[in-house]
Amino acid sequence: MSVQPLTLRQNFVAVTQLRRRLPFLIWIALAVIFFVLLAVLFAEQLAPLSPNTQDLILRAKPPSAEHLLGTDQLGRDILSRLIFGARAAVIGPLLVAVGGFTIGIILGLSAGYLGGNTDSLIMRWVDLMYSLPGLLVTLVIVGIVGGGYPLAVLLLIIYFSPADTRIVRAEALKQRVLPYVEALRTLGIPRRQIIFRHLIVNVMPIIVSYIFLDFAFALVTLSALAYLGVGVPPGVPDWGRMLFENQTLIFANPWAAITPGIAIVVTAASMNLIGNWLFEVFAHRTEVRM
Amino acid sequence: MTDGRATLLDVENLHIVAQGNGTPRTIVNRLDLCVRRGETVGIVGESGSGKSLSARAIIKLLPPGVSATGKVYFGDIDLLQATERQVQGLRGRHISMVFQDPFTTLNPLKRCGEHITEMLLPVNGVPSSARRAEMLRRLAEVGISEPEAAERYPFQLSGGMRQRVALAASLAKDPELLIADEPSSALDVTTEAEVLKLIRSIQKARGMGMIFITHNLTTAFAVCDRIYVLYAGSLVETGPSKSLLEEPLHPYSLGLLLSDPPVDRRLAKLPTIEGSVPRADQVRDQCPFAPRCRWRAPECVAGAPPLVNLEGERWSACIRVREIRAEMARLAAQARRDEKSIEQPVNSQCILEVTHLSKTFHLRSHDVHAVKDVSFQIGENESVGLVGESGSGKTTIGRCLVGLEQADGGTIRISGIDASDYNRLSTEERQRLRRTIQIVFQDPYSSLDPWQTIGSCLSEALALVDMPPSERKQQVESLLKRVGLPPEYANRRPLALSGGERQRVAIARALAVRPRVLVCDEPVSALDVSVQAQVLELFRQLHAELGLSYLFITHDLAVVRQMADRVYVMYKGEFVEQGPVAAVLDHPQHPYTQRLIASLEEYRNW
Chain A
1 MSVQPLTLRQ NFVAVTQLRR RLPFLIWIAL AVIFFVLLAV LFAEQLAPLS PNTQDLILRA
61 KPPSAEHLLG TDQLGRDILS RLIFGARAAV IGPLLVAVGG FTIGIILGLS AGYLGGNTDS
121 LIMRWVDLMY SLPGLLVTLV IVGIVGGGYP LAVLLLIIYF SPADTRIVRA EALKQRVLPY
181 VEALRTLGIP RRQIIFRHLI VNVMPIIVSY IFLDFAFALV TLSALAYLGV GVPPGVPDWG
241 RMLFENQTLI FANPWAAITP GIAIVVTAAS MNLIGNWLFE VFAHRTEVRM
Chain B
1 MTDGRATLLD VENLHIVAQG NGTPRTIVNR LDLCVRRGET VGIVGESGSG KSLSARAIIK
61 LLPPGVSATG KVYFGDIDLL QATERQVQGL RGRHISMVFQ DPFTTLNPLK RCGEHITEML
121 LPVNGVPSSA RRAEMLRRLA EVGISEPEAA ERYPFQLSGG MRQRVALAAS LAKDPELLIA
181 DEPSSALDVT TEAEVLKLIR SIQKARGMGM IFITHNLTTA FAVCDRIYVL YAGSLVETGP
241 SKSLLEEPLH PYSLGLLLSD PPVDRRLAKL PTIEGSVPRA DQVRDQCPFA PRCRWRAPEC
301 VAGAPPLVNL EGERWSACIR VREIRAEMAR LAAQARRDEK SIEQPVNSQC ILEVTHLSKT
361 FHLRSHDVHA VKDVSFQIGE NESVGLVGES GSGKTTIGRC LVGLEQADGG TIRISGIDAS
421 DYNRLSTEER QRLRRTIQIV FQDPYSSLDP WQTIGSCLSE ALALVDMPPS ERKQQVESLL
481 KRVGLPPEYA NRRPLALSGG ERQRVAIARA LAVRPRVLVC DEPVSALDVS VQAQVLELFR
541 QLHAELGLSY LFITHDLAVV RQMADRVYVM YKGEFVEQGP VAAVLDHPQH PYTQRLIASL
601 EEYRNW
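The listed protein sequences correspond, in order, to chains A and B. Residue numbers for the first sequence follow this note's numbering, so the first one is 1 and each next one is one higher. Residue numbers for the second sequence follow this note's numbering, so the first one is 1 and each next one is one higher.
Everything labelled a hint here was simulated from the structure, so no lab data went into it. Idealized CB from N, CA, C, for every residue including glycine. There could be a bad hint or two in this list.
Unchecked claim - Quick look at which bits of chain B chain A covers, simulated, 3 or more residues with Cβ under 8 Å:
hint	stretch
1	70 to 78
2	401 to 411
3	448 to 457
Unchecked claim - Mimicking DSBU-like on lysine-lysine, the simulated pairs with C-alpha atoms at most 35 Å apart in a straight line are:
hint	chain 1	residue 1	chain 2	residue 2
4	B	Lys372	A	Lys174
5	B	Lys71	B	Lys269
6	B	Lys473	A	Lys174
7	B	Lys572	A	Lys174
8	B	Lys572	B	Lys269
Claimed, not checked - Coverage of chain A stretches by chain B, computed from C-beta distances (three or more under 8 Å per stretch; other residues unrestricted):
hint	stretch
9	114 to 128
10	177 to 191
Chain B extracted, bound-state conformation (with noise of 0.2 Å):
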């Protein structure tokens, strides 16, 4: 490599395989990569590229089932060679690793400073306070500089703060390569900024490798100087994150980067990455993307692709970059200066409205007001975005709107019926309330019966609407359609469906009764990347054809853009902020809306 500095870690021609009951299934394919001193390098990669096995094989933190052949090359010992009694060696003090979820790496039964001092490396003869002083540094290192935040248990902190608990931890021995493996996914949008700009700063100043592992490339942009792309157990395209955000190499980053939907403006029609992520081992011997490449030819399919120099540090494993380059580039120009799509302002009939709701949980030690005191309402074939961190009461929202909470004031007429109380109304305008408004829940792994077929999931939403049982086969099939499934997944069950498809499923349900209003909880932040526009994509299109009308809940602003008409913003229970969608991203009034405003615009300012 070109670089001075001198190598810290060199992975070679890493395999990773799970030895599964029966037949092995490769999970990576021939990984190489390397980390020099000071530097951050990316893996980026969608659920089931091998991101986060990677980073484990690495120190050998595979779970049962899972091994890994190859060189892992650290200083001069092949960790993978290595014994369980070495790698323990290394483990914290040369190599350490920060996991995606605060809520579960701490001991919970520990104070935060226990945390720490237990990891800081025995020295004789200090003293106990020498020790406090040294935790309570490394405390504040990390952006903790109230001394009683040591004496709090983990559960007393907010998700970020725990974060940084769990970061300094990692820390206290000093490591030379620190692994994080998403350590800001499961935050909150303005939380996770502040986390990334720590993690990034203090690897500046320490002059620490990293290996930064997520699922998102705005963010792997911000923090790494270099990124491997993985996709489905290979690696696609690698290159200073700088050069590979102006110009991707590769068909697959290509399309990642433009199906991450922009914040700023509106698209008319949202790019898709048709298909969904195969599996590595049916991908093996080809391009891992050619399924879903636009410019597939015979020759990626006859043999894996190796990767291949193109200029300075830009290595990619497409073989027809050379001649797909300029139309690859113009692609991305295109879609950097797409026209706006100028929202249309709604002036429909009132479908939905709320007024003065509120909701409060009465826990064991206190009371939480989750919803407090508010009022909207949601026009005939208009798309509502509900935005808020998580803890904000948007969901409780969209639950009592479908009778699945009991707000405690307030009212909720849906349709011309009091929708307020659920338990009170006649079992027939019980009836008539949830052919109108149906939900859209978040998580596709859960919200489908596992051991129901598709078609009998389905046909079992069309008999509520007293469809007969020679109709259903066929309507079945038209509503597999609307969706964009063919007829045969009728007979499937859902462990055989990918999220994306089993999103699909879900909205088909939903969509069985005829309803008129749709509350969409977070539909898209369990898919990944590249399946989460067509799913946007496909909300999009059933709001043209069948005049749906949307409430939109999400976090993500991007989303609310390109799906909402207008916008309420919620903070802490209340409405902070609302209007037209252009008119609160674009010119926000309030300090919170600001904030996160401000927390997305920095990415691109680090």
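Next up, chain A with everything else stripped away, as it sits in the complex (with noise of 0.2 Å):
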């Protein structure tokens, strides 16, 4: 009784210490994304060089003034590949957050708000994908189809929608029982309305929460099925790839290898914080009566 408010307020110290952290950490995601973004929209205007120019004299070479962070196997300038390479980065895992909730959103809103046997079917498929090796089915069809980046992509949203699936079920099911739904349904409102024009707005807040999870999972899965040679085609610049073709000049030029990891890293870390951040927010704003 009285003892657990002890833990508990120390549960609420560490919390508050966060919170007062969070802010601050916050920024520099912020400000990682926005450079990342920089460098989608600005590539040919913000690198030094072609990402595909190859100076076959200057191989393998640490970091100069000419090549900042030196040159890789074939001698192409490693930082204008990183910044072309964000292009990869976000367009990909973008489209697969995105598209993984949208799968997700019909699917989830319908089941958690009809439920009954629309219920069973979609959640039975539901089961059904985890069942499945996701990222080696994707890995398997694509290195045999060679479909390449936009198929990759596609397995991705599908493997993703499942778990979104879940998600947005889970909120639809919370708020289905709240006055305001049966309010709506004595009126006499068409359930399609309800549906699309007020559960989707009420679950909106967590799904651009988890848009972000998903957003810096999938980066780390795309990358990590670039690394694996499947995906990007050679030559395009991405973050996984050069990974994969520079951990061989680890000795030569370290950086070549170390700063496309690090560009994952941060740029996935930056947009897990932020999510995490969104979820902290909403949840409070929900919460938060008068």
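Can you join these two chains into the complex? Each is in its own frame, and there are hints to help.
Following this line, the structure appears as structure tokens:
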């Protein structure tokens, strides 16, 4: 009884400290994402050199004034490749996160609100998807069919959607029993309107924060696929692929292998931080009553 | 202080601030409070008055982001300056706390006995059999005499029993001060009276100091020796409960007292306090009650009024108290002997008829017979009350009527349509039915879509009655006006509205489809006392103007007395008594109704 409050109190202290630290971290995370987006939009202007210009004389050289992060085995400028690599790092994961949730919203809201057979059918499909080793399946299919990056992204969308469906369904179940939904039902508002005008807005905060988390996970997954040689074709600058191609240069030019790794981790971590922070913000907004 | 008893707790100039994201927000402003040994002190206030946080500040259990300054002396230790370790040593042993919700304060995985045994003071060399005996003695003290109860898990006990166990656990270390934060508010009327009586008798028997926090003046008067009335974070009045009840010396205390409707008679007009409780910040440097006070003068908003001693232990923060005292006394006296308004017997055509309705919920372990073979009628322009405690099945009936729940047996006829099964109706019939019967829910905080503006919420409902978009805007305004809200509210979202205002919007939304029957499911029980009366008065007004029929579902007999013409008393899924309100409440026949009424009368006789 009164023992509980003590441990609770300690929890409070920890949470308070975290909250105070959080905004600062969020600033950093937002700055990182800002720079990544800059790289996506203005790669041509920002990059000192073309990412594909080969300089076979200056192969695998450490950083110099000409090449700030050195060059890779084919003498391509690492910094320029990093900047151009941001495109693959943002577009793919973004498509995966948004695509996964588009499926997730449609299926999750239907399952959660309609219930019954619809719910059973959708959730059994989700269970089935959960039992497949999604990453492995993607690896095999893309490897055999050879569809490259677009196919990998498409398969990841399907691979991500069951988890997203579960999230949306859980949230829809929570909302469905609230008096405001019951009031709309008693008024005689059509089901479609309740789902797509009211429920969807109320589950959106959760979805938005999860999109960030999904983005981070998709970035890591796509990079892993690229590292394994699946997805982006050779030549196209991509952080995961750079990591793979340049790992042999670890002594000649360590930056060539380390910086893409850092880029992946920092971008993914930033997106994760923002997602978690949004989650907290939204959770509080709905709790506050007055 | 004049009393000979030693001071146990002395709070001086307590200031509580919430450090949200951005600007700090005042929650409690300069609170002084003292508790003597063996005395029960009540802190009375509505939501937002800061009563709960004040109590939590005393034992340093404030939530994150909320901080307190000032002095809180317990003996000669200043608790606010003390280290966490020091306070930890005091909690339980010297100061203990009982919380509102007995459903969440007990660890669900521990048997009731263990909750108490773990709290008993550690004494070396005592055999476990003696500890068990002590634990049973403690349970007996809170009125649980059968030893088997100690072996049960919390979920196997009723709310009242759980609160008793929680109380026994808080008392296990024999504290000198007990802080009870709304200990009975989550309980049913009859259980509430028992628990309050128990707390009071234990406090007296032990000679323990107690701080009793409540939003209900009546219970405060029954339990406490002295009362502090808090409003929007400021102390407005304090005094011995008896004399405060007889003559409140602050317009707010008077208003609060008057707006609590009486159970023994029906008032022609319910006294209300206009407006709603402001935030503590908005009224920091003025009399907090001034915006709603009928005696407001320029000097009231010129600065924060100090607490002034009037006589004996009576203190009031009203600077005009001497001028308006006679007038306040006259108003109070007038309210006490306010004439009864006689309920008119309604002999109108029946609009809603329920016969042999039953509903059973099939849970995993057992079946719950929520409604058993119930029949009743509601006439045109008639207001029917449905009274019962939680779990009596009253809400289930309301939900069956509007099609949110499907009855197992019996028939429901509303305005000539068979509404027993909404799914079997044709679209057109269902539509007609929904324009005949509507519902207003208990919790105004969740009955509106938080992201939708009030205007869009109302026009969405108006669209259902085929109103062309061009007329909707004007109709929204007239709906808002009808429920007493300014037209600008159409652009606001629910978050910017107080509880009472939200409930008004919910009523307006129900009215949008021009129903003839309104099911009101505990529509005021989530609202503050001072706002309750306003909303009840609105219901009465709509009844008179629109000729609506009501099914008023409530646990509160006073509300039924004010609102209903006829009443049905429900107990465990069945009607045990029915008839005109005056007849049932004045001369109850069934033992259950008698017990309900007795538990209310009891407060006055302690």
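>> Please list, smallest to largest, the hint numbers that this structure does not respect.
In response: 1, 5, 9
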